[in-house]
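Peer 1: For reference, the chains in residue letters:
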Amino acid sequence: MKLTLKIWRQKNAKAKGNFETYKMDNVSPRMAFLEMLDALNKMLVEEDKDPVGFDHDCREGICGSCGMYINGHPHGPVPAITTCSLSMRYFKDGDTIWVEPWRAKPFPVIKDLIVDRSAFDKIQIAGGFISVNTGAAPEANSILVQKKKSDDAFDSAICIGCGACVAACKNASAMLFVSAKISQFALLPQGRIEAKDRVRAMVEKMDNLGFGNCSNTGACEAECPKQIKLTNIARLNREFYKAF
Amino acid sequence: MGKLISKIPEGPLAMKWTNYKASVKLVNPANKKKLEIIVIGTGLSGAGASSALGELGYSVKTFCYQDSPRRAHSVAAQGGINAAKNYQNDGDSIYRLFYDMIKGGDFRAREANVYRAAEVSNQVIDHYTALGVPFARDYGGTLDTRSFGGVQVSRTFYSKGQTGQQCLLGVYSSLNRQIKNGNVKMYPRREMLDLVLIEGKARGIIARNLLTGAIERHAAHAVVLATGGYGTIYFLSTLAVNSNASAAWKAHKRGAFFANPSFIQIHPTCVPQLNEFQAKLTLMSESLRNDGRVWVPKTKGDTRPANTIPEEERDYYLERKYPAFGNLVPRDVASRAAKERCDAGYGIGETGLAVNLDFRDSIKKQGKEVIENKYGNLFDMYKTITGIDSYEEPMRIYPAGHYTMGGLWVDYELMTTIPGLYAIGESNFSDHGANRLGAASLMQTSGDGYFILPNTINNYLAEEIRVPKISTDKPEFIETEKAVIERINKLISIKGKHNASSFHKRLGKIMWDYCGMVRNEEGLKKALTLIKEVKDEFWSDLNIPGDSSDLNQELEKAGRVSDYFELAELLVTDALNRNESCGAHFREEYQTPDGEALRNDEEFAFVAAWEYAGEGKPHILHKEELNFENVEMKVRSYK
Amino acid sequence: MSKVLFSSISKKFTMALAGLFLLTFLPIHLTINLMLLKTEPGPFNTAAHFMATFPLIKIMEVVLFGAILIHIIYGIWLQIQNWLSRPVGYVSSNKSEVSFFSKFMIWTGAIVFTFLVLHFFNFFFIKLGIVKGNPEDFYSLAHNLFKIPAYDFIYLGCFTLLGFHLFHAFSSAFQTLGLNHRLWTPVVKVVALVYAIIIPAGFAFISITLWLFR
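Chains as they are written, first to last, in the numbering used here: chain A, 2 to 245; chain B, 45 to 683; chain C, 12 to 225.
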């Protein structure tokens with residue numbers, strides 16, 4: 002396939018960025034999107050040009066490192082996958098592909114397609130944990146958890162922290178991310194003990210970091226590579242007002 | 045640094061850890077605050093150790109190369125985590141778990157360590173549950189387990205196919221709590237580039253801030269490496285593409301012995317390579333072999349679509365060769381058998397490097413719905429990658445490098461041969477011998493981080509309480525930093541043509557071809573020559589655009605690849621030295637008449653710990669004899 | 012305390028409560044308006060008079076204006092924060108599958124608000140004596156207004172947009188209040204759709220009838 006790439010290039014956080022156009026002549030539909038970028042970078046290095054910076058690691062959709070806004074979709078046009086799992090067979094010969102970094106005030110661009118997502122860590126540090134010291138845990142089966150609740154907690158817990166929800170949201174809101182963590186702990190008896198402090202602390206941190214507000218638009222759910230549900234946000238809202 | 049002292053405690057096997065804990069030196073809480081510990085890596089062991097040490101009151105500084113500690117590659121483990129809880133009443137016990145690991149590791153691991161890993165496994169499950177890890181549960185609310193990796197008991201706790209992710213997020217949460225409490229200071233996007241030794245003790249690191257390019261000095265009373273394995277030495281592997289051996293290798297060059305480097309597990313069920321730019325091979329859980337039948341066509345170079353090949357023209361080679369275990373033979377056996385068929389010309393697909401994993405018969409027998417319930421997510425994953433619907437046609441699979449049993453040599457206290465330098469998790473060589481059992485990696489790495497190291501490190505630090513905060517202005521820091529900068533400048537100034545990945549790919553191919561699933565003397569010797577050639581080319585033809593004073597992903601990559609060339613040479617040397625076949629290490633010269641691994645317990649029941657002797661000098665071999673007092677060494681047979 | 016009252020969720024919560032209250036007002040208004048269809052002005056004017064003078068309604072009127080004010084102020088406040096949270100936008104427009112009308116809430120809201128102002132000029136300010144007209148005969152006033160085609164166009168346009176606004180608002184309020192349920196949430200969505208069609212359609216029906224058939 003022949004493709005035209007329009008990629009956001011920005012030397013560093015302070016620099017003014019712009020779109021560069023790259024022509025790719027020999028793209029196999031069996032490549033993954035990031036492998037196509039690897040091929041581009043190989044070419045750029047051979048021309049002694051600065052390769053495109055992007056975060057990536059596991060390349061199997063679980064670490065949450067990668068993330069690009071491709072043709073109007075975080076992680077590209079295919080639902081329920083990350084950028085690294087996006088196959089080039091979803092594009093056709095002659096396509097022009099626009100590749101942009103996540104855009105949100107709390108996710109400043111570091112370089113090219115790399116953004117700083119430490120805001121997510123800060124929210125988790127504010128309260129995304131259960132306070133139990135190593136060695137202090139009771140025998141595992143002394144805590145009984147209803148299977149349904151445990152399964153629901155799992156469905157919330159599979160968030161990979163990639164930031165696609167923020168990137169997709171017209172308000173750059175982090176509600177889906179925060180609600181997934183809140184839900185996981187709210188559903189488990191182990192997490193109930195600190196539920197009130199946790200939700201207050203995490204929401205306060207989220208607000209302070211400059212994320213937008215939720216308007217129940219649902220773009221986050223539509224783009225989440227792990228299909229985290231909007232019901233988590235409703236649960237977060239409930240947990241929040243129960244905390245006062 | 046002559047003799048290896050393993051520091052195995054006295055007493056009967058089952059009492060060693062208890063006795064150790066009862067007699068080990070302790071550090072007064074008031075002193076703990078004054079003692080600093082550096083932890084490199086934030087996987088299950090690194091983040092676990094950081095949290096546990098933080099909880100104890102030590103001042104911990106934790107580093108990872110990713111943008112967040114939550115991305116460490118423990119996140120990708122799928123299957124589960126073993127523990128000897130015996131919740132199923134199926135006769136499991138700590139001893140049985142210990143025995144399965146020792147046997148699975150083909151009798152090349154240290155008894156006392158393995159027993160301890162099995163012993164703390166129950167505490168690990170308790171702790172994760174308390175942290176809110178959503179393990180699978182039964183309808184009564186108790187924890188569920190499944191059988192995994194060809195053992196006879198059901199002892200594997202799991203969270204669907206994402207156990208590693210769930211455990212890692214649990215550990216990440218406990219790390220966050222310590223960060224909030226101020227006991228742990230987190231340094232993300234930092235790469236350790238060297239270890240600083242003062243008077244022979246590990247006293248700090250030189251790290252590069254990957255965002256700014258700044259070279260930083262960090263001092264501590266002890267350094268803990270939790271940097272994972274080096275499976276990406278094959279370039280294509282199931283590991284994260286940025287996983288690397290650099291921190292461990294730098295420590296090795298500063299004096300830490302490297303043990304059993306050639307013991308690398310090859311996982312039999314991975315998605316085969318699809319294109320020349322492929323960056324990694326995705327693992328498909330080995331549970332698929334419970335219902336999938338592995339086959340190749342009986343005719344060489346048969347290019348017909350799999351479904352059109354009639355039954356009598358299919359060779360179900362695992363069932364044919366291993367009637368007792370069939371498709372469920374251990375990982376190393378299944379991997380070698382696939383390679384044997386493909387090398388003989390029966391492989392399928394464009395590359396001929398793949399075999400069929402067919403669910404046709406299971407779907408016929410059990411119904412599509414049952415298969416979907418069991419493996420739905422894996423079938424989806426396979427379809428996402430390849431576009432092929434495995435309900436309709438067979439999956440194509442091929443083995444890929446997966447887990448490194450080898451690593452830095454550590455004693456019972458998990459301390460390397462450098463005083464004050466510890467290695468935990470996959471980065472040490474400890475508990476898996478020559479082959480790792482399924483679901484044993486999460487168990488061992490969690491145990492190391494949460495329960496073992498926080499006990500053993502006290503023994504060392506108790507002697508360090510009089511050492512004041514270590515200054516980073518000491519000459520040793522300045523010298524090491526200078527060496528690091530020189531190395532970076534050397535890489536940057538090559539100004540050749542090709543990027544680091546292209547050399548890495550070539551190195552990986554050599555390693556895979558000559559030091560992968562099957563090895564022989566001739567091939568290994570050839571590999572040494574080939575590695576040298578590519579290495580020389582690397583140092584004359586590498587190109588890194590940009591400079592080191594900024595974010596430069598090509599430079600990061602180049603540093604890691606340059607270390608891999610050196611490790612590759614040692615890996616091949618170790619494989620050459622071990623004139624036997626055991627576990628994942630299969631030497632063609634040493635096999636039974638029917639092609640099975642032939643162990644040599646007389647001469648090779650030892651850990652090969654290699655000492656770095658200096659640039660260009662051959663490594664020095666030290667042997668730690670393995671004494672089996674509690675188990676009898678048997679031949680593994682799956683016929 | 013300000014943390015509690017002015018956190019993102021609290022603001023949304025307040026907006027949702029105010030919005031839901033406004034939702035209860037519309038059917039009442041529609042019921043009274045339906046009396047415009049009668050040929051004699053009596054019932055409508057009586058009802059209008061009752062609404063204007065009954066003490067409890069007077070109190071509710073204050074609450075209603077309070078709710079409108081809060082809904083608007085919070086709406087604008089949230090929207091400004093939302094705009095600020097993405098200082099640099101995307102070049103390729105977002106193609107995510109979303110609740111379509113939610114994207115334009117601030118705009119549909121703004122237009123509905125503009126209409127409200129116009130509406131107040133017509134009625135409320137007459138009552139206060141600020142605008143000239145007979146404060147006792149809203150019936151004739153309405154009939155006269157609906158005879159002006161331009162007014163009908165504006166009226167119908169605004170109610171269509173109100174429908175869009177209501178469609179998202181109705182179920183969104185429940186989500187914001189955390190009132191979701193496996194069984195009831197789909198019902199709420201259907202009710203929202205019905206409500207968002209019936210209410211504006213009712214108002215539109217009156218306007219068209221008075222315009223074309225009376």
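Please note: incorrect hints may appear among the correct ones.
[Claimed, not checked] Not everything, but these chain A residues come out facing chain C in the computed CB check (under 10 Å):
{"hint": "1", "residue": "Gly18"}
{"hint": "2", "residue": "Glu21"}
{"hint": "3", "residue": "Tyr23"}
{"hint": "4", "residue": "Ala169"}
{"hint": "5", "residue": "Gly213"}
In short, the hints are calculated from the structure, not lab data.
For every residue, glycine included, the Cβ atom is placed at its ideal position computed from N, Cα and C.
Peer 1: Using the nearest Cβ pair, does Gly213(A) come within less than 10 Å of chain C?
Peer 2: Given a least distance of 4 Å, the restraint on Gly213(A) holds.
Peer 1: Should the hint that Gly18(A) touches chain C count as held when the rule is a Cβ pair under 10 Å?
Peer 2: The hint holds - Gly18(A) has a Cβ within 10 Å of chain C, the shortest such distance being about 9 Å.
Peer 1: With a cut-off of 10 Å, does the beta carbon of Ala169(A) approach a beta carbon of chain C closely enough for the hint to hold?
Peer 2: Where the cut-off is 10 Å and the nearest Cβ of chain C is about 5 Å from Ala169(A), the hint holds.
Peer 1: With a cut-off of 10 Å, does the beta carbon of Glu21(A) approach a beta carbon of chain C closely enough for the hint to hold?
Peer 2: This interface hint is violated because 13 Å lies over the 10 Å limit.
Peer 1: Classify the hint on Tyr23(A) as holds or violated, based on whether any CB of chain C lies nearer than 10 Å to its CB.
Peer 2: 16 Å, violated
Comparing the model with each earlier hint shows violations of hints 2, 3; every other hint is respected.
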